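A.B. asks: Chains A and B, in that order, are what the protein sequence lines are.
Taking this note's numbering as reference, the numbering of the first sequence is continuous, increasing by one, and the terminal residue is 189.
Taking this note's numbering as reference, the numbering of the second sequence is continuous, increasing by one, and the terminal residue is 188.
It should be emphasised that the hints constitute simulated quantities derived from the structure, not laboratory data.
Treat each hint with caution, since some may be false.
Unchecked claim - Here are the simulated lysine to any residue pairs, SDA-like style, with alpha carbons at most 25 Å apart:
hint: 1; chain 1: A; residue 1: K132; chain 2: B; residue 2: N174
hint: 2; chain 1: B; residue 1: K119; chain 2: A; residue 2: R88
hint: 3; chain 1: A; residue 1: K132; chain 2: B; residue 2: S109
hint: 4; chain 1: B; residue 1: K119; chain 2: A; residue 2: G91
hint: 5; chain 1: B; residue 1: K119; chain 2: A; residue 2: A136
hint: 6; chain 1: B; residue 1: K119; chain 2: A; residue 2: S182
hint: 7; chain 1: A; residue 1: K145; chain 2: A; residue 2: I135
hint: 8; chain 1: A; residue 1: K84; chain 2: B; residue 2: S109
hint: 9; chain 1: A; residue 1: K84; chain 2: B; residue 2: S161
hint: 10; chain 1: B; residue 1: K119; chain 2: A; residue 2: G78
hint: 11; chain 1: A; residue 1: K132; chain 2: B; residue 2: L170
hint: 12; chain 1: A; residue 1: K145; chain 2: B; residue 2: A173
hint: 13; chain 1: B; residue 1: K119; chain 2: A; residue 2: P150
hint: 14; chain 1: B; residue 1: K119; chain 2: A; residue 2: F87
hint: 15; chain 1: B; residue 1: K119; chain 2: A; residue 2: S82
hint: 16; chain 1: A; residue 1: K146; chain 2: B; residue 2: S117
Predicted, not measured: the structure shown is a model, and the values here were computed from it.
What follows is each chain in one-letter form.
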Amino acid sequence: DGGITQSPKYLFRKEGQNVTLSCEQNLNHDAMYWYRQDPGQGLRLIYYSQIVNDFQKGDIAEGYSVSREKKESFPLTVTSAQKNPTAFYLCASSISGGPDYGYTFGSGTRLTVV
Amino acid sequence: QKEVEQNSGPLSVPEGAIASLNCTYSDRGSQSFFWYRQYSGKSPELIMFIYSNGDKEDGRFTAQLNKASQYVSLLIRDSQPSDSATYLCAVGLVGANNLFFGTGTRLTVIP
Numbered sequence: 076d077g078g079i080t081q082s083p084k085y086l087f088r089k090e091g092q093n094v095t096l097s098c099e100q101n102l103n104h105d106a107m108y109w110y111r112q113d114p115g116q117g118l119r120l121i122y123y124s125q126i127v128n129d130f131q132k133g134d135i136a137e138g139y140s141v142s143r144e145k146k147e148s149f150p151l152t153v154t155s156a157q158k159n160p161t162a163f164y165l166c167a168s169s170i171s172g173g174p175d176y177g178y179t180f181g182s183g184t185r186l187t188v189v
Numbered sequence: 078q079k080e081v082e083q084n085s086g087p088l089s090v091p092e093g094a095i096a097s098l099n100c101t102y103s104d105r106g107s108q109s110f111f112w113y114r115q116y117s118g119k120s121p122e123l124i125m126f127i128y129s130n131g132d133k134e135d136g137r138f139t140a141q142l143n144k145a146s147q148y149v150s151l152l153i154r155d156s157q158p159s160d161s162a163t164y165l166c167a168v169g170l171v172g173a174n175n176l177f178f179g180t181g182t183r184l185t186v187i188p
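Let's have the full structure, built from the sequences with the hints guiding it.
C.D. replies: Next comes the structure, spelled out in structure tokens:
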């Protein structure tokens with residue numbers, strides 16, 4: 076079955092530590108996205124990528140980094156510069172970037188600072 | 078700022094009733110509209126999309142779009158307890174590379 080796989084499901088980060096969230100899709104989608112979801116704030120865009128080796132900052136990119144070395148993979152690193160990283164992180168993909176296509180979401184990673 | 082507004086709720090309806098969820102958007106360049114359902118602790122799943130003015134029906138779900146008034150709604154007929162979730166409205170704009178999401182409306186269907 077095609078879909079998006081996020082791992083791990085739960086992640087705990089210590090102060091000052093970098094952590095990487097994995098996102099892999101086998102839908103042959105060109106575009107991939109990372110969103111952060113906090114209670115009552117909806118989905119906020121962190122980074123997106125429309126093609127391999129290219130990505131763009133979203134609304135809240137500070138303290139995060141990404142790479143897109145393969146079409147299937149779009150990992151997100153939460154760096155120590157992100158001061159409030161506790162949130163639910165969602166990876167999504169769409170057939171192509173642009174307004175006409177809906178997203179398929181992964182199951183999410185819940186990150187907690189300990 | 079691309080604003081997508083939803084009433085956060087909670088919206089409570091009895092089982093078997095029609096649930097009506099509303100979404101307004103600020104940008105007249107909006108051309109695609111999506112409804113996602115998100116169960117507590119889970120990720121959103123796409124349930125409806127609509128591009129043209131009017132109604133679009135899929136089973137118990139009907140999406141309604143009125144571009145002149147800049148609103149899109151989702152009707153759920155014969156509501157079931159399993160419909161209890163948060164419903165997210167998302168909008169796509171001409172020239173934009175991502176969708177813009179509302180904060181969601183929490184629906185509770187009371188048995």
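A.B. asks: Work down the list of hints and note, for each, if the structure agrees.
C.D. replies: Comparing the hints with the structure gives:
no. : hint              : result
1   : K132(A) - N174(B) : 11 Å, holds
2   : K119(B) - R88(A)  : 21 Å, holds
3   : K132(A) - S109(B) : 22 Å, holds
4   : K119(B) - G91(A)  : 28 Å, violated
5   : K119(B) - A136(A) : 23 Å, holds
6   : K119(B) - S182(A) : 6 Å, holds
7   : K145(A) - I135(A) : 24 Å, holds
8   : K84(A) - S109(B)  : 31 Å, violated
9   : K84(A) - S161(B)  : 23 Å, holds
10  : K119(B) - G78(A)  : 15 Å, holds
11  : K132(A) - L170(B) : 18 Å, holds
12  : K145(A) - A173(B) : 23 Å, holds
13  : K119(B) - P150(A) : 20 Å, holds
14  : K119(B) - F87(A)  : 18 Å, holds
15  : K119(B) - S82(A)  : 14 Å, holds
16  : K146(A) - S117(B) : 30 Å, violated
Violated hints for the displayed structure, listed by number in ascending order: 4, 8 and 16.
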